[in-house]
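Residue numbers (the working numbering), protein chains in the order written: chain H, 31 to 472; chain D, -2 to 338.
It should be emphasised that the hints constitute simulated quantities derived from the structure, not laboratory data.
No residue lacks a Cβ here, since even glycine has one placed at the ideal position from N, Cα and C.
Treat each hint with caution, since some may be false.
To be verified - Sample of chain D residues with no beta-carbon within 12 angstroms of chain H, all distances over it, derived:
1. D35
2. Y156
3. I205
4. F206
5. L226
6. L231
7. F284
8. T287
Stated by the list, open to error - DSS-like, lysine-lysine: derived pairs with alpha carbons at most 27 angstroms apart:
9. K135(D) to K283(D)
10. K101(D) to K149(H)
11. K421(H) to K333(H)
12. K149(H) to K324(D)
13. K375(H) to K385(H)
14. K305(H) to K421(H)
15. K101(D) to K246(H)
16. K222(D) to K283(D)
17. K324(D) to K194(D)
18. K154(H) to K324(D)
19. K101(D) to K324(D)
20. K385(H) to K246(H)
Listed below are the residues making up each chain.
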Amino acid sequence: MLDALFLSRLQFAVATFFHFIFVPLTLGLSILIAIMETVYVRTGEEVYLRMAKFWGRIFLINFAVGVVTGITLEFQFGTNWARYSRYVGDIFGSILAIEATLAFFLESTFLAVWAFGWKRLTPKAHAACIWLVALASNLSALWILIANAWMQHPVGYVLRGGRAELTDFWAVITQGFAWQIFFHTLSGAYILTGFFVMGVSAYHLLRRQHLEFFTKSFRLGLTLALIFSLAEVVQGHLHGSAVARIQPTKLAAMEALWDTQKRAPQILFLLPDEKNERNLVEFGRLPGALSLLAFHDPEAEVKGLKDFPPEERPPVLLTFLAFRLMVGLGFLFVFLTGFTWCRRKRLLESPGLLKVLVWSIPLPYIALQAGWMVTEVGRQPWIVYGLMKTKDAVSPIAVSQVGITLAAFLLVYGALGAVAFYLIRRFVLQGPEPEASAAGEV
Amino acid sequence: MLGIIWFFLWGVLWAVYFMLDGADLGLGTVMPALARTDSERRTIYRAMGPFWDGNEVWLITAGGVTFAAFPTTYAVLFSSLYTPLMLLLFALIFRGVTFAFRNKLEHASWRALWDLCLILGSFLPALLLGVAFANLFKGLPIDGDGIFQGNLLTLLNPYGLAGGLLFVLMFALHGSLWLTTKSEGELQERAAAMARKIWSLLVLLAVIFLLATLRVTHLYDNYLKWPVLFLIPLVALVALFATRVFLALRSWWQAWLASSLTIVSLTFFGVMGLYPNLIPSSLDPKFSLTIANSSSSPLTLKIMLGVALTFVPIVIAYQVWVHFLFKEGLREEETGYEEGY
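So that you can see chain H by itself, here it is in the shape it has in the complex (with noise of 0.2 angstroms):
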């Protein structure tokens, strides 16, 4: 059991799962910043810039901890997955080394001077550069996404001399599916960023503070959150039903069906044995409600795990639990942004309300993880889906070099984690600066 191949999988699972733990927030967080600067640099209304000078200084620490997490997973296809390297290097290395390029360097180089060119720039050249890096977050979520996408769905290759070679990167770098997670990751995160923003502004509104700086910050968030959480119950949707013609196993197993069938029911509570190859309770049966939504007709066949050998069907247990989270707390938020709105004028009145959007500030942050969670847990036993097994995928390397690093990874990783979230609770419990501070160093 304790193989390289389940430390290097439990390896790359707490490196990814503690990176996206901050990348979103900088996707999200970054536009509302540009947003707000460019406000000031229009009307000349100081709130804006201390808005942009607050939100500024938590984006910036949350944006170094995306940083250096991120550079681990470069390293670890290399270290741990050598033999998926080899494999894909031709298309997914590339994409990775078109990121690189186009994002990274105009992300890093423009944050540095966004921070440290408050002096040296006019206003609008300053907004500017934090527009170049709200774009370049952006754009490298696309490609990265993209690179995902073809290991869910490789498209535009070719087998040659035992590994992937690139056919056509037009159809690789256009596929619907891929564009598909983009949207889908995107607006997850920016649903993230607009809770975070207005959790922390209900927290500064409760207390009475900083009134006017919280309530535009908070109307800011609300809608961020509101558009996308609508936004990605009609993406979701259509996300779904891409993943039931392109991963029928996972699809499957997101909704632990067991057999094929048409006129597939979608069931409101159900809880699967994997064992036994069925469910134990079943309850709230809509006939024909999953062939509808997967395939847009309710006569629809949907594949049932059993149609597929055992050791080609993902976990289902995990897949399914994750994905009920994520759908459940996905409408969810579409009713908070929505009650929320029609009570935006009356928010001071509304204490019950601030307090629960306080307390909501995880649970994006769950529903992203757990998203996840369905794409790669839903994707195995593959890691390039049904093109090459994850087992087949792993370095050539001693069990003790991956127990040692991942032991490392657990305590410098937690570490890491306990002064970002100190040190970001504690500025956003601060508040902003005084405005005397903040108008001197313009």
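Go by the hints and put chain D onto chain H.
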């Protein structure tokens, strides 16, 4: 042909990375010897602050290009050097967060903790990169399946360690020179004195390393075949001496540029010697990973070349602009904003 172009671009990326981030790694390494007060330490952080992250992306790109252009090399190299690369990774993680965390709290012990992370996070990468490249020059014990038949101790041979020390000294000189361009007064004098001291040691070690290379590696084979290549190590030595001359003339920028040329030409000395190997096998030359047996398909190389030729010049243009924007080191009064150290 495409493979050959990418082999040299691969070398260029590493050379540029060493030249740019070498200054940060070196300055972090010598910080405890240069700075006596917290204000001086802040000056050192500010000298790197606007640049280090953009510099580190050259490493990510060099790694990414190895993956994209030479996937087999990437797979074999990274899995063979598992432990040193993981150490490098952790060191870079600590260095990276130091820049974001250190100034966030005022406690002296908090700052001392992150100072230590910066020092180790700078020294270790310099050392490990040197050990890794020296071992690459020497050849790795890889068998016919590209499997590494060795362990960490295999890499810590005298030649490998000499390479590590060479990188540490080379970067320490480079970093001290970088600080002379970004500081004034006593700190600048101390940085210049440090540069002079390191320079003598570096000359000695560089000569020893070049001679040891003759004994331990096959790098000179290409040089004997094409003697015109001897210009490259010659340029490295001339640039190294020019560094000392500019240092004596107190022409700080020129000294740093001459040191940059030393680093770039020394990197190319190795890369030209490796050609056409990426990883020579020390077990049997026929197991070596070469341009021919480890590169990507022509289509991928072509697309990547298009991307690189379009975007790398743009990257260079805006990074040069940033260097001019922050040419005058950041002033203490610019540090009102939290990120100013």
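- Item | Violated hints - listed by number, lowest first | Violated: none.
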